[in-house]
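Same order as they appear, the protein sequences are chains S and W.
So the first sequence is numbered by this note's numbering: it starts at 1 and just counts up by one.
So the second sequence is numbered by this note's numbering: it starts at 1 and just counts up by one.
Simulated crosslink set (DMTMM-like; lysine to aspartate or glutamate; CA at most 20 angstroms straight-line):
#, chain 1, residue 1, chain 2, residue 2
1, S, 255, S, 227
2, S, 210, S, 175
3, S, 456, W, 175
4, S, 9, S, 262
5, W, 59, S, 103
6, W, 456, S, 148
7, W, 456, S, 175
8, W, 233, S, 114
9, W, 59, S, 36
Hint data in this document are derived by calculation from the structure and do not stem from the laboratory.
Protein chains: 2
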Amino acid sequence: MEVTRTNFKDSLSTVYSAIDEADFLAIDGEFSGISDGPNVSALTNGLDTPEERYMKLKKHSMDFLLFQFGLCTFTYDQAESKYVIKTFNFYIFPKPFNRTSPDIKFICQSSSIDFLASQGFDFNKVFRHGIPYLNQEEEVQLREQYEERRSQSNGSGNPSYISPNSNKGPGSIPEEHREYIGRVIEKVESLFTTSEKTVDLEPCTGFQRKLIYQTLNWKFPKGLHVETLETEKKERYIQISKVDDEERKRRERQKQEREQEELNDAVGFSRVIHAISKSGKLVVGHNMLLDVMHTIHQFYCVLPEDLNDFKEVTQCVFPRLLDTKLMATTQPFKELINITSLAELQKQLKESPFKPPKVVTAEDFPSYDTAQEQLHEAGYDAYITGLCFIAMANYLGTFLTPPKAHIPSRSKLIEPFVNKLFLMRIIDIPYLNISGPDLQPKRDHVLYVTFPKEWKTSDLYQLFSAFGNIQVSWIDDTSAFVSLSQTEQVQIAINTSRYAESYRIQTYAEYVQGRQQVRESQGHT
Amino acid sequence: MEVTRTNFKDSLSTVYSAIDEADFLAIDGEFSGISDGPNVSALTNGLDTPEERYMKLKKHSMDFLLFQFGLCTFTYDQAESKYVIKTFNFYIFPKPFNRTSPDIKFICQSSSIDFLASQGFDFNKVFRHGIPYLNQEEEVQLREQYEERRSQSNGSGNPSYISPNSNKGPGSIPEEHREYIGRVIEKVESLFTTSEKTVDLEPCTGFQRKLIYQTLNWKFPKGLHVETLETEKKERYIQISKVDDEERKRRERQKQEREQEELNDAVGFSRVIHAISKSGKLVVGHNMLLDVMHTIHQFYCVLPEDLNDFKEVTQCVFPRLLDTKLMATTQPFKELINITSLAELQKQLKESPFKPPKVVTAEDFPSYDTAQEQLHEAGYDAYITGLCFIAMANYLGTFLTPPKAHIPSRSKLIEPFVNKLFLMRIIDIPYLNISGPDLQPKRDHVLYVTFPKEWKTSDLYQLFSAFGNIQVSWIDDTSAFVSLSQTEQVQIAINTSRYAESYRIQTYAEYVQGRQQVRESQGHT
Ligand SMILES: Nc1nc2c(ncn2[C@@H]2O[C@H](COP(=O)(O)OP(=O)(O)O)[C@@H](O)[C@H]2O)c(=O)[nH]1
Ligand SMILES: Nc1nc2c(ncn2[C@@H]2O[C@H](COP(=O)(O)OP(=O)(O)O)[C@@H](O)[C@H]2O)c(=O)[nH]1
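This is chain S alone, in the form it adopts within the complex (with noise of 0.2 angstroms):
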C-alpha cells in the first residue's frame, strides 16, 4: 500500500493495527544518496574499529534524505501455517510546516539518484506529496510554541525574556506604535457600543499584533476574544470579538483541538516510528545499519557522538533488531549461501536445504509479484527480506529434535542474531553489537603502511613480495594497512623497512597509539 501526505491519516489506523497484530516487521529505507565522503571505499577501511566505522557513517552519510521507508508487516496464522502481510511504502518529505518551522537542507548523490531513477522511482510522490516529520526535540519546541503562544493570547504572558520593553501596559509601546495602538484601541471600545459581533483589524506585522494582544489583554482581561487569520494572500490579521465567558472558554478549547491536530499533523511519519517503536517487535532489515542511523536521525534526535551513547538510543527505539545479513553470513547459514546481496539470498533460500516460507498477502493489500522484481522499492525490500528471515529461521528448525517446520520471531532459536548489526567490508569484525560490547579482534599481524601517492596496489604486492599471501586495505592515497598471514613475519618487515627512503611501516599498535595521540592533542588545542 502507497502511503503519502495526501492518505496519510486515513492510512494511519491501518498501520497501527498492523504493527499491533504482526509477529515481526521487516523495514527497508531508501536514501537521497549514501556516502558524502571522497568515495565509498575510502570510507569502509577494511580495518576500521565500530567507534570509526560509525563516526564515518555519522559524518558522511546522515545529511542525505531517508525518503522512502518499507515497512512489511508478518502475521503468522497458526490454524493455516502461513504468515499473512501487509506491505507499506510511505513517502517521505520534510515540508516546511509553517513560517518558523526548519527548513531542511538535504544532499542528493547523482548516482544514487540515478540508479533510482533507472528503477523507476518517482521522485515527484516523493517531493510533491511526502510526508511531513518531526524528531522528538523538534516535536516538543512546536508544542511550546503553541503553549507560549497560547499563553501569551491569555494574557499569562511570558516574563523570562530580558528586554527594555518586557514591562506591561502600555508604557512599553514605542512611540512609532502608540498612535496606532490607541486606534485599535478605540476600534475595540466602539465594538461594545454596537450590535457587531466581530472587527477585523487591517493585516499588521508581527511585532504590531504582538502589541495588540498584549494591549487587549491588558485593558480587556474579559469579554474579548482574540485570534490572528490569514488572508487569502496569505497576510494575517487580527479579528477581535466579543464573546461572554462560556463561548470565550468554547472557542478556547476548539483552537486548542485544532491544534493538537496540527502538531500531529507536523509530527506526521514519526508517529509510525514511535508505534514500530512501541511494539517493542522483532524488526528484521537486511544490512540494516545505515537504515537504523537514519531512521534515528531523521525522526528521534540527532546521532550522538559516541557509539555507545548510539547503542543505548537504538534499544530504545528499535528494542530488537534482527539483520538478514550478517544471519547469512554466520554459521550455520555461511557454508550454505555465496553471496549476500538481498537479491541473490533470495534466490539462494528458494533452494534445498531451505524451504520457501507458505506467505499470502492480507486482503485489501495490493500483493508483490516476486516473480516481476521490483527490488529496491522500499516496502519490495522489506519483504522480501522478511522471507528470508522466516526461511532462515526455519531451517534453524531442522536442527531440533523432532525437528519443527515453523520457528516463530520469539524463539530462543534466533536470539543468537538478534542486536547484532552487519557491519560492511570490515575484515575481522563481523557486527556492530547493539546490546553489548564489540569483539576486539587482536591485529599484530597488521602493518600500517606510508608511500608515495604514486604507488599502485602492486608496488605494496612486490614490497611485501617475500612474504607470502598479504592483504592490502586503503586508507588514503599515501597510506594502507596490509596484512601479514603470519604475526612474527611484522617484526622482519619492520626491520627491512628501517633504512627505505620512501615508505615508511609502522605495526598496528603503533598506528592506533599515534592515533590516539593526535587526537589528544587536538582535544587539548
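Chain W with the ligands: place on chain S using the hints.
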C-alpha cells in the same frame, strides 16, 4: 520545447540555429535551493559590500543544483514589425557518465523543492531524463583520459608516473600475475595458428587488463587489435583480434570517433552555454545574479574567490548581460513601476505608458498562453523576461525625436543598463557592475551596534528614538547596522553610548577597519 537527455542530441541543431538567428536571448534557471545559510535575510544584509554579497552567495548558494534552464530566443521580423520567439526548457542532471566520472552531490532545500512542487514542477523529468554536463576542467580531464587510454593501447605508454614497476616488459609483472599473463600470451600465440579472427578473454580486474595491454603491446607491437568490452552483466573483458595494418587503423579511427561522440554526450548541456557564449548576443534575465553565478559554476568553472576575477569570467561567458529587474528600478522606469517581481512587472508593462510588444511563436514551437500563467517554469519565465525587456526598451524609443516604436537590442539607448546586475536588498548600491568598478556609497551615517540577543527591532527604535527616522539592517542575533537620517547625529550617538553596558556602538568606518584587521590576522596564521 522541452529538451531532455532523450531528445537533446536531435534538438541541438535547432537550438544552435535559434541562437544564431536571434537578436537577443532571455534566460532563467530553476535551482534545488537558494540559500544554505542560517536564513536568507542574514545572507542579504542591507549594507553588504558587493564583495561581501558575492562571497556569501558563492559560499551559501553554489551547492544547489541548477536543474532547469530556460532559454527564449527573440528574432525581430522587420517586415512584420514583430518578434518571433523560440522557447526551450532544458532539464539538467549530472548523471554520472562512466565509472570514473565525478559523482556530483548537490543540496536540496525543502522550501524551494516544496515551492516548485506546488507549481507542478516535474522532478522525474530532471532526475530520470536530465541532460548531463561537464565544466571546462572536467571536459579537459575526460579528453586526457581518452588520450591516455589510447596511447596506452597504442603501446606508446605514458611513462610520466614513478612506480617501482614502471619499467617495461614482462619483468614488471608481479609474481602472482605471471602465470595468468603467460596463459594470455599462449592464447594469442595460438590465435595466430588458427583461422579464428578473435579471442575473448575471461572478465578480469583493471590491473590485469593493464598488464595485458602492456604485455601484448610489447610482445606483439603489430598485427593485433586489443579492446576492452563489457558483458551484459557489465563485467569488463578483453577481446583480441588478428588484424592487418589497414584494418587496425580503421578500427582505431572508428574507436576515436566513438570516443569523440561519447565526449560530446558527456559535455552535454554545456554545449548550449558555449553556443550562447560564442554568439556574443545580449542575454536578458530577471534578477539574474544567481542565474549567472550558477551557470558559470556548473558549466564553466568553479567560481573564483575574488569578485574582480568573477567579473572577468562573466565577461567571457556572457559578454553582454541585461537585468530587467535592475532596468525596472532605474530611471525612467523607477517612477512608473511599483513592484518589480517578474509577474508584477509584466502586468504593469501591459498598461500605458508601455505597449505590449507584438510577439509570435515560431512554427513548430509550442506557444505559451500568457493568460494561463506558467510562472516558475524556466522557459516561461525567460519568455516573460524577454517581453518585459522589449516593452521597456521600446518605451525608451518614445523619447527620441521622432519617436521610434522599435528599439533593437543593439541600440545605444539600452547601453546604460548593460552589464549591471541587480543587487537584492542592498540599500545604497543598486547593482553589481560587471564591466567596471562598483559604486562606493558614503556610509558615514551608519552605525554598527552590538547588543544582547534578547533585543528586538523595537529596542533599537527605542534606543535611537531621539534621532528621528532610522533604518535597521540586521547582521545577526547580536548586531545590526543602524542608518541615521543625519550624519551629524553619528557622533552624538557614539558619545551617548560610551557608558552603556548592554550595547556598543561603532561607526561604519571603525567596523570596516576592525573586520579588515581580523581578516589580516587570520590570513597570517
Ligand atoms: N596511491 C594509490 N592509492 C590507491 C590505489 N588504489 C586505491 N587507492 C586509494 O584507496 C582508496 C580506496 O580504493 P579501493 O579500496 O581500491 O576502492 P575503489 O576506489 O572503489 O576502487 C582510493 O580512493 C585511493 O585513495 C592505488 O593503486 N594507488
Ligand atoms: N536579537 C534579535 N535578532 C533579530 C531580530 N530580528 C532579526 N534578527 C536577526 O537578524 C536576522 C535577519 O532578520 P530579518 O532581517 O528580520 O529577516 P527574517 O529573519 O527573514 O524575518 C535573523 O535571522 C536574526 O539573526 C530581533 O528582533 N532580535
